[in-house]
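> Spelled out from the first residue to the last, the chains are:
Number of protein chains: 2
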Amino acid sequence: MVIELMKSHASVRDYKEKQLTREEVSELVAAAQHAASSHFVQAYSIVWVTDPEKRKQLGELSRNAQQMEGAGAVFLMCADYNRLKHAGDMQGEAISFDHAENLIVAVTDVGLLAQNLALAAESKGYGICYIGGVRNNMEAISDLVGLPEGVFPVYGLTVGVPNESNEVKPRLPVEAILHENAYDEAKYKTLLPEYDETIQRYYQERSTNQKVATWTQQMATFLRKPRRPDLKGVLAKKGYLFK
Amino acid sequence: MVIELMKSHASVRDYKEKQLTREEVSELVAAAQHAASSHFVQAYSIVWVTDPEKRKQLGELSRNAQQMEGAGAVFLMCADYNRLKHAGDMQGEAISFDHAENLIVAVTDVGLLAQNLALAAESKGYGICYIGGVRNNMEAISDLVGLPEGVFPVYGLTVGVPNESNEVKPRLPVEAILHENAYDEAKYKTLLPEYDETIQRYYQERSTNQKVATWTQQMATFLRKPRRPDLKGVLAKKGYLFK
Chain A
133 MVIELMKSHA SVRDYKEKQL TREEVSELVA AAQHAASSHF VQAYSIVWVT
183 DPEKRKQLGE LSRNAQQMEG AGAVFLMCAD YNRLKHAGDM QGEAISFDHA
233 ENLIVAVTDV GLLAQNLALA AESKGYGICY IGGVRNNMEA ISDLVGLPEG
283 VFPVYGLTVG VPNESNEVKP RLPVEAILHE NAYDEAKYKT LLPEYDETIQ
333 RYYQERSTNQ KVATWTQQMA TFLRKPRRPD LKGVLAKKGY LFK
Chain B
133 MVIELMKSHA SVRDYKEKQL TREEVSELVA AAQHAASSHF VQAYSIVWVT
183 DPEKRKQLGE LSRNAQQMEG AGAVFLMCAD YNRLKHAGDM QGEAISFDHA
233 ENLIVAVTDV GLLAQNLALA AESKGYGICY IGGVRNNMEA ISDLVGLPEG
283 VFPVYGLTVG VPNESNEVKP RLPVEAILHE NAYDEAKYKT LLPEYDETIQ
333 RYYQERSTNQ KVATWTQQMA TFLRKPRRPD LKGVLAKKGY LFK
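Protein sequence lines correspond, in order, to chains A and B.
Residue numbering for the first sequence follows this note's numbering, starting at 133 and increasing by one per position.
Residue numbering for the second sequence follows this note's numbering, starting at 133 and increasing by one per position.
Quick caveat, the hints were computed from the structure, so don't treat them as lab data.
Where a beta carbon is used, it is the ideal one built from N, C-alpha and C, also for glycine.
Hints should not be assumed to be uniformly reliable.
Keeping only pairs whose Cα atoms sit at most 25 Å apart, straight-line, the calculated BS3-like set for lysine-lysine is [what the hints assert, rightly or not]: (1) B:K139 - A:K369; (2) A:K375 - B:K369; (3) A:K364 - B:K319.
Facing chain A, according to a computed beta carbon distance under 7 Å, are these residues of chain B, among others [said to hold, decoys possible]: (4) L244; (5) A252; (6) N268; (7) N269; (8) N313; (9) A318.
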């Protein structure tokens with residue numbers, strides 16, 4: 133059943149009006165927190181944006197205005213070493229989080245938390261969508277919800293009653309993801325063209341937003357330029373110096 | 133039911149001998165891949181280590197010898213822009229992944245995949261454990277399983293039939309994680325001491341490995357020194373230059 137739920141996932145960007153209650157949100161967050169955490173640091177926080185004006189601004193800053201304004205709940209899923217700084221202060225220790233390891237730990241902790249939260253919501257019939265767009269204006273978003281040193285939004289997550297139903301997009305074949313004992317690049321020569329055909333057929337046949345495109349075309353176009361080149365500087369201001 | 137499954141999670145480090153079959157592993161991976169992926173880059177790979185000699189070496193290199201040798205399956209959960217490089221080559225484009233954004237995207241993609249994989253396994257009665265220890269000797273581990281440029285193990289994941297049953301560790305209270313509209317540091321002054329009491333009681337009362345410790349003590353001790361200071365250099369050699 134859990135596996136069936138996972139395999140039915142498709143992002144939902146259009147929601148009915150119903151807002152999630154505090155009780156529902158607490159239940160989802162409590163479940164999500166039970167994901168593993170590296171050395172139990174629990175290096176995450178969630179900012180639940182309920183204020184209509186803030187939601188409007190957040191939507192504009194993350195270039196997802198319609199989706200964020202229309203969602204049943206809007207969450208900023210944040211990496212957080214600020215709480216750990218408080219823990220250190222309580223014990224008279226200055227904690228360190230300026231190394232590459234700390235960024236990887238925080239982004240990982242947020243990832244495990246977020247996927248549990250997403251799946252818990254989907255198990256209750258809600259739709260969800262991750263929003264990387266919050267990394268477009270991370271400083272302005274930090275100001276909007278008062279994120280201190282050590283805290284930055286890795287992505288947003290919208291949740292709500294689906295007002296649309298999207299087809300599940302075919303993933304890379306398992307054999308392109310799974311290597312046994314040794315990484316095998318050679319197999320991409322046949323697997324990627326096959327996958328391109330699968331994706332092209334999917335885009336042409338799906339019920340809305342049909343287009344002609346392959347996966348390797350999309351990836352090549354998307355990644356030929358650096359993405360979000362300002363991010364390193366913003367993270368450094370947050371204390372993530374990546375030493 | 134999904135929420136109950138999440139809330140029952142406790143890491144399992146001692147497994148019965150049964151090995152997962154290829155069919156089972158494929159089913160888990162296929163489910164896991166249905167997690168969202170940033171711009172659909174699917175920037176991950178899994179190396180399933182079945183060779184006994186490699187498993188032994190991996191266990192030693194990641195300082196988890198007993199657990200890795202005894203598990204029903206051992207996975208290296210890898211960030212992967214190598215496959216995307218192949219996609220670019222097919223389209224005559226050189227792709228870029230040397231910015232902070234790319235590292236965050238890959239670690240996030242791996243996180244969502246991994247948590248789905250973990251939960252899918254738990255839904256079938258298996259126990260799981262994440263192993264950050266693979267970041268102790270990332271270069272030697274990369275050599276062991278032939279990870280090329282663009283691919284590094286973010287963590288390991290062991291799966292198997294539990295040979296032990298651990299109590300669920302109390303997480304931070306929801307109100308310490310969840311902020312509404314604005315991040316609120318002030319509340320940690322009361323919430324962290326309360327949580328320390330909860331954790332101290334848990335450590336004193338659990339059935340095995342009892343100890344006297346609080347969460348803030350553990351965090352302060354763990355984080356007063358930089359962790360894994362060599363990691364930035366290893367990531368740079370893999371092409372993750374964090375520009």
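> Hint by hint, say whether it matches the structure.
Cross-check of the supplied hints:
1. B:K139 - A:K369: 36 Å, violated
2. A:K375 - B:K369: 15 Å, holds
3. A:K364 - B:K319: 30 Å, violated
4. L244: 4 Å, holds
5. A252: 5 Å, holds
6. N268: Cβ of N268 of chain B sits 10 Å from chain A, so the hint is violated.
7. N269: 14 Å, violated
8. N313: Nearest chain A Cβ about 5 Å off; hint holds.
9. A318: 10 Å, violated
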